[in-house]
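Under our numbering, read the sequence shown as residues 1131 to 1638, first letter to last.
Treat the hints with caution; some may be incorrect.
[What the hints assert, rightly or not] Taking lysine to any residue pairs in the SDA-like style, the calculated list, with each CA pair at most 20 Å apart, reads: (1) Lys1243 - Lys1351; (2) Lys1471 - Ser1363; (3) Lys1591 - Glu1609; (4) Lys1471 - Ile1619; (5) Lys1247 - Gly1229; (6) Lys1254 - Ile1232; (7) Lys1256 - Leu1284; (8) Lys1247 - Ser1363; (9) Lys1231 - Val1156; (10) Lys1471 - Asp1348; (11) Lys1217 - Val1242; (12) Lys1380 - Leu1341; (13) Lys1290 - Lys1243; (14) Lys1503 - Ser1540; (15) Lys1503 - Thr1614; (16) Lys1247 - Leu1267; (17) Lys1591 - Lys1503; (18) Lys1247 - Lys1217; (19) Lys1247 - Ile1300; (20) Lys1351 - Leu1341; (21) Lys1256 - Leu1225; (22) Lys1174 - Gly1229; (23) Lys1173 - Gly1229; (24) Lys1471 - Ile1443; (25) Lys1409 - Ile1443.
Please keep in mind that the hints were generated in silico from the structure rather than gathered at the bench.
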Amino acid sequence: MSIRLRLTLWYTGLLAITLLIFGVSVFMFINWNTFNDLRVSIKKQSDQINVNMTYILNRGTLDLNLISNSPFVDKEVFVQLVNYHEKLIIQPTNLLQSGVKISYPDAASNPVKGFYKRTVEIGKVKYDLLTYQRPVLSPITEGQVVGLLQVGVLTHNEDKYLSGLRNTLIFYSILVVFIAFTIGMLIARQALRPIGRVIDATQQIEKGSDLSMRIPSDGPKDEVGLLVDTLNSMLLRLQTAYNELDEAYKAQRRFVSDASHELRTPLTTIRGNIDLLEKMWSRAKETGESMGADGLKLTTDHWQMSSEAMSDIAAESRRMSTLVGDLLALARADAGYVMEKEQLQLLPLTEEVVRRAQLLPRTAEWQMGDLSKLVGVPVYGNHDYLQQLLFIFIENAFKYTSSGHVELSSVRTDSYVGWRIQDTGIGMNPDEIPHIFDRFYRADESRGVTVGTGLGLSIAKWILDEHGGSVEVVTLENEGSTFTIWLPIDFSEREDSSIIVRTDPNLS
């Protein structure tokens, strides 16, 4: 059973119960009020008859003919006088003509006054007769019951009216319940239509796996509107999480593919050079003269080729070592490696990097800018990783600057301090900036320059993230790039020594 039908049935059921209680109450009130008026009228006429009856009894007779045509007796009212003393039943003309027979109790049963409802038959049709009876007491024989006065009226008009009222209440109650049920279904359908859209949208998402779909939210901000907004927010989070997982999966595949490619190249070079050396030494062993313990005598060409092969092996080995080191650093980053940090001064660290950077292979001029902004400025970080961070950006500038210069200077604000590395190299397209920190990404592949492994800036970004820093990139193709590295200044007082000096001997 749907929610719409359940809600409609609940509301309709409550309305039906309310109408039932209301209808029964109205009917009972009108029924009581109608018959109460009838009882009051009958009793009033009975009292008038009783006054005249007292006059008749004072004359020593019990005769109803004297009052049968009295003006206070309605024609619709039946009056019957039972004479117990003479065993007579006295009836007026209207009662005789109608043929109605009113039953009465015996004198021995000591009849009492009150209202009674009897069923009488007129022309084979049964009617209800409301009767009021009261004993007739003789004033001569000290209150002896000598007769019984019965005053009655047919209630078929009242019964017909009440029956019509009952049928009207039932009919209109059923009609109102039906109308309420129909309108309730329409209102419930309109109110729950957004939920239907939610169901349709979720089913389409389930079938098509399209997390970019959203549920239309054009209604009021009621409970259903809040539900739609919540589901849309949840779908957005699911889409974001799914996209992140998908990108992570694609990045992992690219990482494995690129790492395999990067490792395959030096291994192929090493294996080829080793094969070459084996062939040369084997041929020399077969054709050359033996030198005894000093080995084989090789020609000058053989020595030159061997030297070049060994140089290639050494270069590729260093490249593999660098690549493995970079991969290890990224693996630590992925594993949530926590760096050991301490408060340190940036100027001594920078001076050490500057001294070592002069030994890097380069073709551009290495210039030193103003480093005075680093004087006395502490940061909280890892000494080795911060050196590696600065080396990565300097080495990156050297690689892509074949001529011109690379300059290192310092920058500072109220809360941050750092370095600016500016070069006059090949630069890059500004659209490539968001991707240069991706693993194995090279902004210059289209120009045929594939220096390095493509992991340096990824490692630099991880080091920056661990230190709460950031980097700004300004670049213009064929004009150079400027990288500004920011690190938060550490204003806190830190106790770096494990020795605590106390001047108060009472403290422990």
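**Prompt:** What are the numbers of the hints that this structure violates, sorted from low to high?
**Reply:** 1, 2, 3, 8, 9, 10, 13, 16, 17, 18, 19, 20, 22, 23, 24
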